[in-house]
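Here the protein sequences come in this chain order: A and B. Residues in the first sequence are numbered consecutively from 1, following the numbering used here. Residues in the second sequence are numbered consecutively from 1001, following the numbering used here.
Keep in mind that the hints were calculated from the coordinates and are not lab data. Do not rely on the hints blindly, as some may be mistaken.
Unchecked claim - With a cut-off of at most 20 Å between alpha-carbon atoms, the simulated SDA-like pairs for lysine to any residue come out as follows: (1) Lys1105/B x Arg258/A; (2) Lys1281/B x Asp1145/B; (3) Lys197/A x Arg258/A; (4) Lys1105/B x His167/A; (5) Lys1105/B x Pro163/A; (6) Lys1105/B x Ser175/A; (7) Lys1105/B x Gly1040/B; (8) Lys1105/B x Lys197/A; (9) Lys1105/B x Gly1094/B; (10) Lys1105/B x Trp177/A; (11) Lys1105/B x Met165/A; (12) Lys1105/B x Thr1092/B; (13) Lys1101/B x Leu1060/B; (14) Lys1105/B x Ile166/A.
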Amino acid sequence: MSDAVASRPSPPATAPLRLRRIVLPYATITGAVLLILWQLATYVFHIPSYLLPTPLDILASMIADWRLLLRHSWVTVAEIGAGFAISVLTGVPIAICVTYSKFFDRAVYPLIVGSQTIPKVAIAPILLAWFGFGIAPKMIIVVLVAFFPIVINTVVGLRSAPPQMIHLARSMGASGWQIFWRFRMPQALPSIFAGMKMATILSVIGATVAEFVGAESGTGYLIMIAGNNFDIARQFSAVTVLSLVGMVFFWLVERVERLCLPWHVSIRGQH
Amino acid sequence: MAAGNIETTTSPRSGTAWRKRPSAPTADPVIAPARISLRGVSKTFAGRHGSVEALSSVSLSIGAGEFVSIIGPSGCGKSTLLMLVAGLEPATGGTIDIGGKLITKPTSDLGIVFQQDVLLEWRSALDNILLQCQIRGLDVAGARDRARELLAMVGIDGFASSYPHELSGGMRQRVSICRALVHDPPLLLMDEPFGALDALTRDQLQIDLLRLWSRRRMTVLFITHSISEAIFLSDRIVVMSPRPGRIEDVITVDLPRPRRLAVRETPEFIAYVRRVTEVFKSLGVLRDEDP
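One chain only, chain A, in its complex shape (with noise of 0.2 Å):
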């Protein structure tokens, strides 16, 4: 190949070695001493269980009650990816119109802004009397949490190129539509996923909100019931299993954020 001389900056040895994250298991390590610290401390300070049971107690109930937990958390899940879906695919497109058109800019986007000072649990009623205690009012509330983190990110992103990198595609000849696909929306991925991930966490607690204030199934919905007959451990396992519908999906939004933006440096600096 190439005789490289000794002034000549020489070629990097190997392709980027993708390193396994190492950030896991340490975190598991940490939750899992949290969880023994729990366990050892009801027992030494005789927690009553009806106060605060102990992780395997949850465990149990949760072993015990996976039908109904799984029946249950299967309805917000389906809340949470379709109000999810809709934020993404209704956010996205408003945050380009809002980049593109003046019009948007100064008369759409501050109302969107304005919109978001109105406390979303306030409204859930309003929506239940009109929509009833299907997954329909559910959806809207998620969607109306989780859509104003995306809009406001992808429109930051897209602001982000630097004016001389659309000089520059301008001196190459590039159409709009190009300046759009090649340079701008690529320059803003970094932001639309970090909206996203906002959203996801926004969009379990929106989906939660929703099912307390009326709702004929859900997990949410499963929380309030077993509060109501004081069944402290269905409470925890069914909180667990939010938390783990919550972990699982920003996980997945990560992955994807993974393949699409290899290069973008929040994801290398985890190498």
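On the provided structure of chain A, position chain B as indicated by the hints.
Chain B only, in chain A's frame:
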């Protein structure tokens, strides 16, 4: 304007045919370097506190294959001038024509290098260069060899598949120069391309640029505020005054080519430095006496 296309043989460097390349693998039509002429060009920006005149009646003509530097203090409108030549900003007054074509909208018959390399982080070095051809709808497969050839000429052919974040600042800027040249443009515009680099890298890139230019012989319009950089690289130096930017002096640099770094220590070179410095002193841009 009538003699628009006979430039090839009358290039100021003449002698060697500018397109002579060892085993050129391309089948592109020969593109003659561009001749630029600016007549009474001015630019006024409407600012918050009234309008600001950035350029005031600039007239200049640049021969085909000529290397011209524009040097001036910050804010003298030299970058604006480059934007006008590229057609990226409309001029407020006057006309600009490149190779007999009047510039009224962004023109794509050129390559641009900015101070920031603006490489796309999601593309490898080679793919960043080939982007130029993809956007233009040129034959990408054929351009691949040319891109590699360019990378080799600036000494980073081993990094073709590296991503921008794996490259140093100097290497990134080399890639961005290759991107500006891969489609064999008749004109290369450079806006302080080495301004963000350390002094040693800067010297190396000047040498690399001269090597590229001696092979391809396109017209170069180079913007800088380094006096020695301008002298080392150029056939002619256009010295501009502070805002509103006007052409204060045009100095022909009559140093033999190919130029080596040692030329900077010759009395002739130092005389040019002194001459440009004197212009800036007379403009009040440089003041070295104690008040």
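Status of each hint after checking the structure:
Only pairs whose Cα atoms come within 20 Å are accepted, and Lys1105/B paired with Arg258/A is rejected, the gap being roughly 40 Å. Using a Cα cut-off of 20 Å, the hinted pair Lys1281/B and Asp1145/B is violated, with the two alpha carbons roughly 48 Å apart. Proximity of Lys197/A to Arg258/A is assessed by CA-CA distance (about 12 Å); at most 20 Å being required, the pair is judged to hold. Proposed proximity of Lys1105/B and His167/A is supported: the alpha carbons are some 12 Å apart, at most 20 Å.
As the CA atoms of Lys1105/B and Pro163/A are separated by approximately 17 Å, the hinted pair is consistent with the 20 Å bound. Proposed proximity of Lys1105/B and Ser175/A is supported: the alpha carbons are some 13 Å apart, at most 20 Å. Proximity of Lys1105/B to Gly1040/B is assessed by CA-CA distance (about 18 Å); at most 20 Å being required, the pair is judged to hold. For the given pair, Lys1105/B sits about 41 Å from Lys197/A by alpha-carbon distance, which is inconsistent with the 20 Å threshold.
At roughly 14 Å between alpha-carbon atoms, Lys1105/B and Gly1094/B fall within 20 Å of each other, so this suggested pair holds. Simply put, Lys1105/B and Trp177/A have alpha-carbon atoms about 18 Å apart, close enough for the 20 Å limit, and the pair holds. Annotation: proposed proximity of Lys1105/B to Met165/A holds, straight-line Cα distance about 18 Å (limit 20 Å). The suggested pairing of Lys1105/B with Thr1092/B holds, with an alpha-carbon distance near 13 Å, which does not exceed 20 Å.
Among the hinted pairs, Lys1101/B with Leu1060/B is consistent with the structure: their alpha-carbon atoms are about 16 Å apart, no more than 20 Å. For the proposed pair Lys1105/B and Ile166/A, the alpha carbon gap of about 15 Å is at most 20 Å, so the pair holds.
The structure fails hints 1, 2, 8 (numbered hints given earlier, in ascending order).
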